[in-house]
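Full structure from sequences and hints, please.
One letter stands for each residue in the lines below.
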Amino acid sequence: MKEYNIEILKQAARGLLFDMSEEQYQTLMSEFDIVVAQMKIIGENKELDKAEQMVFPFDVSTSTMREDVPEEPLSREEAIRNANNKIGGQIKLPKVVQ
Amino acid sequence: MNYRGLSIDELHALLVAKKVTPLELAQEALALAKKDSNNAFEYIMEKEALDFAVSLTEPEDNNPLWGIPFVIKDNFSTKDVPTTGSSNILKGYVPVFDATVVEKLKAAKAVAIGKTTLDELAMGGTGTSGHLGMTFNPYDRKHERLVGGSSCGSAAVTADGFVPFALGSDTGDSTRKPASYAGLVGFKPTWSRISRYGLFPFAPSLDTVGIFSRNVKDSAYVLDVLAGHDDRDFTSSVKPVDEYAKDIEKVNPKAKIAVIKGIVDSISDKVVLDKFNETIEMLKNAGFTVDFVEIDEKILSSLFPTYFVISCAEATSNNANMDGIKFGPYYNGQTFEDVVSQARTNGFGELIKRRFIIGNFALMKENQKDLFLRAQKNRRVIVNAVNDILKEYDFIYCPAAPSIAPKVGEKSDRLSNEYLIADNHLVIANFAGLPSITLPIGMKDGMPFGANFTGRAFEDKQVLQMAYELEKHTGLKNIVAKGE
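Residue numbers (the working numbering), protein chains in the order written: chain A, -16 to 81; chain B, 73 to 556.
Don't read these hints as lab results, they were simulated from the structure. This one's a predicted model, so the numbers in the text were calculated from it and none came from an experiment. Cβ coordinates follow ideal geometry from the N, Cα and C atoms, glycine included. No incorrect hints appear here.
Lysine to aspartate or glutamate pairs mimicking EDC-like chemistry, simulated, CA-CA at most 20 angstroms apart:
id : chain 1 : residue 1 : chain 2 : residue 2
1  : A       : Lys23     : B       : Asp485
2  : B       : Lys176    : B       : Asp314
3  : B       : Lys549    : B       : Asp319
4  : A       : Lys69     : B       : Asp410
5  : B       : Lys151    : A       : Glu60
6  : B       : Lys326    : B       : Glu543
7  : B       : Lys347    : B       : Glu543
8  : A       : Lys(-7)   : B       : Glu438
9  : B       : Lys151    : A       : Glu54
10 : B       : Lys91     : B       : Asp81
11 : B       : Lys463    : A       : Asp42
12 : A       : Lys29     : B       : Asp442
13 : B       : Lys441    : A       : Asp32
14 : A       : Lys75     : B       : Glu409
15 : B       : Lys151    : A       : Glu61
16 : B       : Lys178    : B       : Glu130
17 : A       : Lys33     : B       : Asp368
18 : B       : Lys151    : A       : Glu55
19 : B       : Lys178    : B       : Asp123
20 : B       : Lys326    : B       : Glu531
21 : A       : Lys(-7)   : B       : Glu409
22 : B       : Lys328    : B       : Glu543
23 : B       : Lys176    : B       : Glu130
24 : A       : Lys75     : B       : Asp395
25 : B       : Lys441    : A       : Asp16
26 : A       : Lys78     : B       : Glu409
27 : B       : Lys398    : A       : Glu60
28 : A       : Lys23     : B       : Asp442
29 : B       : Lys370    : A       : Glu35
30 : B       : Lys163    : A       : Glu61
31 : B       : Lys437    : A       : Glu(-10)
32 : A       : Lys78     : B       : Asp395
33 : A       : Lys33     : B       : Asp460
Chain A stretches covered by chain B per the calculated footprint, using a threshold of three residues with CB under 8 angstroms from any CB of chain B:
id : stretch
34 : 11 to 24
35 : 63 to 72
Okay, here's the thing in structure tokens:
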């Protein structure tokens, strides 16, 4: 496991596109100490090496194709009504490619 | 007449006899909601509720939910009604569609009167981290005790008697634990039994729609409406649904019940233990087999860290779309990254930022094997142990929580067995996707506490029947927190 320190945690936060105050990072460091101690408990389970990962509790069989049923789609206005920066019926953002 | 605290059956009888109308019930529930002192509401749906209630004029005798008021945890999309997930990142967000469960309850003519508070984006277990602040426990008018979470608002409103049922969600125990703290029935059906279309995802391998009520049969009525496959949720099961309220009194008289000794041993509250043991005697005297069984303590102690890593990792991914662009408050910036970063920095609360970072750390390439994949393997170990018990026994039965609702600010030793096991064992049912129900069994210092049955996958009916049976013996049904 990667060593953790405040810089690593800050990198993780910035990778998620948010930031916290220095005090909040300190709180997180204390929490990490506890989380890592708790994770060590998992390592003590003897059957772990032989176990397969579990992603979902069980397989759910479902149909993969549905009938094509014509419906009214959302109007453009409805589709973007929750966006708070709009112009000319489009969402407005700074250029991605400068 | 005062309809506060009445059950679905009682209200239904009054509605069918035309002694009350849906409009009158909605008006009373709304009046109570406006005077709520527990900070349980995000939004009161006054206009929506009254407009709908007034349209319900001919009672439907065979529809127990006709005209019945209810509330919705604010992580379910409600068309044209603000839905925030109790997070500032969704301030002002108004969905353009209803969640399937909301659609189904509307179609059943139940009347939604409000959206209720939760721990932010359902990531919490105390009822303290929502953007409107703490939600209080109606059983404690001094506001010193939690109601638990994340479904805090739905629990508080139901416990206060405003409505007979509420929608919650349950990823680690978020319906069943607050139910214990608030004297309620809290039911988590089998994973995939109810469509999650329109439920904000937190950890989809664990998330389940939950139901609060004040008696077991009311939860069964709601499951009757909600259960079933939904083409819009590909994880929803195509298995046939049961009739859950029908024959609810017909429990299997030969049912075998397992009590996990390690869970009971991790509890120190004598009042809870004594009452729990009393209920075991009730069940034995009623003819059921009740045995104490063992699970390796290492497995039990690993429940919480396994849940924490898996849920944080899934949550990190599932909330990547919260960017302030398509919805939520927009912040100007020089670059696209600035815009998103400001939205997420200002929009997310501190607690969930910490959880996202932990999740991101667990998913880093260097850490996946030791953290995330290890947690997924351990989930398999836990589920195998539980399913082995359920090969021989029909139900697992345990105290739902180590004690009554904690006081605000009470700290736990997060490496103690009481925290790791007693406080977090309900997650077993989420790991294995099993139906699980909490119901009240006693009171201490004026505060309720509960016990929990978990059954085999898709045996939701049997779990409801077993809970109904115990409820008959305890007599603790339809209890309501004392009003103002």
